[in-house]
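Following the hints, put chain Z in place on chain U, whose structure we already have.
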Amino acid sequence: MISEEINNALPFNIVDRTLIVNFKGNVFISSAEKFNQNTIKTIDLATYDKVIFDFTDIKQYDMFLFVFNKELKEYFYQNNKPLSYRGKNEKISDFFEYLSKLPYSEIKNTKIKQNPVYNLISNLGEITQKLTQDFYLFLKFLGEILKGFAKLFYHIKAIRWSDFRTQLSAVGVSALPISILITFLIGLITAYQGALQLHQFGADLFIADLIGISITRELGPLMVAIIVAGRSGSAFTAEIGTMKVSEEIDALNIMGFNIIDFIVMPRMLAIIVAVPFIVIITNVVGILGGLVASLGTLDITVSSYFNRLQESLFLRDIASGVIKSLFFAFSIGLIGCFRGFQVSGGAESVGRYTTSSVVTSIFHIILIDALFTLLFPLIGL
Amino acid sequence: MFGKPIITVNNLYKSYENVSVLENINFKIYEGEIVCIAGGSGCGKSTLLRQIIGLEEPTSGEIIIGDQYLFPNSEQMKSKIRQKFGVMFQLGGLIASMTLRENIELPLKSFTKLSINQIKEITKIKLTSVGLNNFEDYFPAEISGGMKKRAAIARAMALDPEILFLDEPSSGLDPISSSSLDELIRELNAALHTTMVIITHDLSSIFAIADRVILLDKSVRGILEIGSPKELLLSKNKLVKNFFNRIRNEVNYEK
Chain U
1 MISEEINNAL PFNIVDRTLI VNFKGNVFIS SAEKFNQNTI KTIDLATYDK VIFDFTDIKQ
61 YDMFLFVFNK ELKEYFYQNN KPLSYRGKNE KISDFFEYLS KLPYSEIKNT KIKQNPVYNL
121 ISNLGEITQK LTQDFYLFLK FLGEILKGFA KLFYHIKAIR WSDFRTQLSA VGVSALPISI
181 LITFLIGLIT AYQGALQLHQ FGADLFIADL IGISITRELG PLMVAIIVAG RSGSAFTAEI
241 GTMKVSEEID ALNIMGFNII DFIVMPRMLA IIVAVPFIVI ITNVVGILGG LVASLGTLDI
301 TVSSYFNRLQ ESLFLRDIAS GVIKSLFFAF SIGLIGCFRG FQVSGGAESV GRYTTSSVVT
361 SIFHIILIDA LFTLLFPLIG L
Chain Z
1001 MFGKPIITVN NLYKSYENVS VLENINFKIY EGEIVCIAGG SGCGKSTLLR QIIGLEEPTS
1061 GEIIIGDQYL FPNSEQMKSK IRQKFGVMFQ LGGLIASMTL RENIELPLKS FTKLSINQIK
1121 EITKIKLTSV GLNNFEDYFP AEISGGMKKR AAIARAMALD PEILFLDEPS SGLDPISSSS
1181 LDELIRELNA ALHTTMVIIT HDLSSIFAIA DRVILLDKSV RGILEIGSPK ELLLSKNKLV
1241 KNFFNRIRNE VNYEK
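From first to last, the protein sequence lines stand for chains U and Z.
Just so you know, the first sequence maps onto residues 1 to 381 in our numbering.
Just so you know, the second sequence maps onto residues 1001 to 1255 in our numbering.
Just chain U, same shape as in the assembly (with noise of 0.2 Å):
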């Protein structure tokens, strides 16, 4: 099929040693496919002295007929064969005079590439100043939040309350549905795999223990840390950095607001109130998970396994878990409205950060999580 079009496209014959190529039809960059494939090149050059390119039939062309023409007629050029044109109208005549005049030929890149070796010395350079400038950065937005923490005492009014409300409802009410089912099934995985260990042992009723200590110390405070880097400290980043890709926060900035105050103590404020209720609830969530599985595979009841609960969970245990997840909750807003002021340029480094904050911050409570399991024992916890 397409042999038969190619040849109705670009045919060509030979006539008194003269190579007469005839272009028919639309020559555009939809059919380039159709000129691409033509056998012009294969003939042998011995057969011919000179060649006529003929445009008679030419209905509609685009660029795709310079570039074209160009190609061959460096390919006849190379091959000393001379070429005219026959029926090239005034209209291709001046087409191909205002591309030919074009500089394009000479463009050059203005980017100079280096080589391997100093390519290598000067990305490391780079990184490394990024690095240690990004730091520096970090403890300046630090101290920046922690002087709007210092105004909750003596310049209350400076922080956007109305933002908090809605920010409170974002990171908490809508966070609630998705923590609480998510620690329900860990309670009810951690309880079944550990009741398949405790039963060999006859030590049912301890499954009380594990579940009470492991969720309100450990697994509901990091659940709860995770699902919400996930939601808000991501969402942070992303409002963020799309207010500073629209200039919102030059906007802002320029009418005399205080950023820290207007936009990043609110998500705050919400993030540090909202993560420990979280927290508190999903615990008793979990425990009610842990529950459920206990009594599908143990031999316990209800109020057997409260009792215990009773006797082994104290309140330093619910207490660990929920100062931990205060640390948790800083570290996921600082992160995530810090990764969004770093935004620059377009779309792209809107979710290049906003992937960034939701890495660091999961990196950073994992780390919180190991230096408070180390320091809590020190203190009693």
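FYI, nobody ran anything at the bench for these hints, they're computed from the structure.
Do not take every clue at face value.
Now the stretches of chain Z that chain U is said to cover, found in silico as 3 or more residues with beta-carbon under 8 Å [what the hints assert, rightly or not]:
#1 1106–1115
#2 1118–1124
Below, simulated EDC-like cross-link-like pairs (lysine to aspartate or glutamate); rule was C-alpha separation at most 16 Å, straight line [to be verified]:
#3 U:K88 with U:D54
#4 Z:K1109 with U:E33
#5 U:K70 with Z:E1121
#6 Z:K1113 with U:D54
#7 U:K101 with Z:E1121
Backbone N, C-alpha and C fix where the C-beta goes; we use that ideal spot for every residue, glycine too.
Relative to the frame of chain U, chain Z by itself:
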């Protein structure tokens, strides 16, 4: 002077939830013409453009591109018709993560069977024709607003469209960049014979480039008058006079 009609709009009506925006729109745009769709803010210029390029369906009426009906038509056919279009959106729409060269190569690589060399050659020609030679490897964020508009025109023209739609090309540009963009539009139209439909409310651009102007007005929810800029300037219609008054005042001020 111009060829056959390339865009025909017949009895077009457009309303959103019973609020009528455009009523009884009728016009023809001819091959090789530069037509400006002008009017004050909120008169429906961009709405009309969105109907013509097939992004939105008119409430009633017909749009004919060449000899094909754009509505009602299958998505497949619509996208085939749209291949005749190049559109430069108001904000340019250049892909930020790609260099200018990659931005222009993208449609050429995706929708044609050109060889690598032909793609390179065409990309170079396009960038040079909009005066951006030597900026091939720059990212959109690294160039000025005027250059971005030029690059967006180059990308809209990548596939050598029959009709080029430009949505407010001079918005956000200083008068010098704006007039050099006008010159570029004229030059490309003269050299490539591309039909151009330009949405604008910039009077100086209208006088610099338009062969004809379709003047829309909010009060009539449609076309106030169609004609060459000169004809419109001499119009007796009060609303048309109001629209052009600004430029007259500017001229008087200069005197």
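Status of the hints after comparison with the structure:
Look at the stretch 1106–1115 of chain Z against chain U: 6 of its residues bring a Cβ nearer than 8 Å to a Cβ of that chain, three or more, so the hint holds. With 4 residues having a beta carbon nearer than 8 Å to a beta carbon of chain U, the stretch 1118–1124 of chain Z meets the requirement of three or more and the stated coverage holds. Straight-line distance between C-alpha atoms of K88 (chain U) and D54 (chain U) comes to about 8 Å, which keeps the hinted pair within the 16 Å bound. Between K1109 (chain Z) and E33 (chain U) the alpha-carbon distance is near 13 Å, which keeps this suggested pair within the 16 Å criterion.
Straight-line distance between C-alpha atoms of K70 (chain U) and E1121 (chain Z) comes to about 10 Å, which keeps the hinted pair within the 16 Å bound. A distance of roughly 24 Å separates the Cα atoms of K1113 (chain Z) and D54 (chain U); the hinted pair therefore is violated under the 16 Å criterion. Proximity of K101 (chain U) to E1121 (chain Z) is assessed by CA-CA distance (about 14 Å); at most 16 Å being required, the pair is judged to hold.
Of the numbered hints given earlier, the model fails hint 6 alone.
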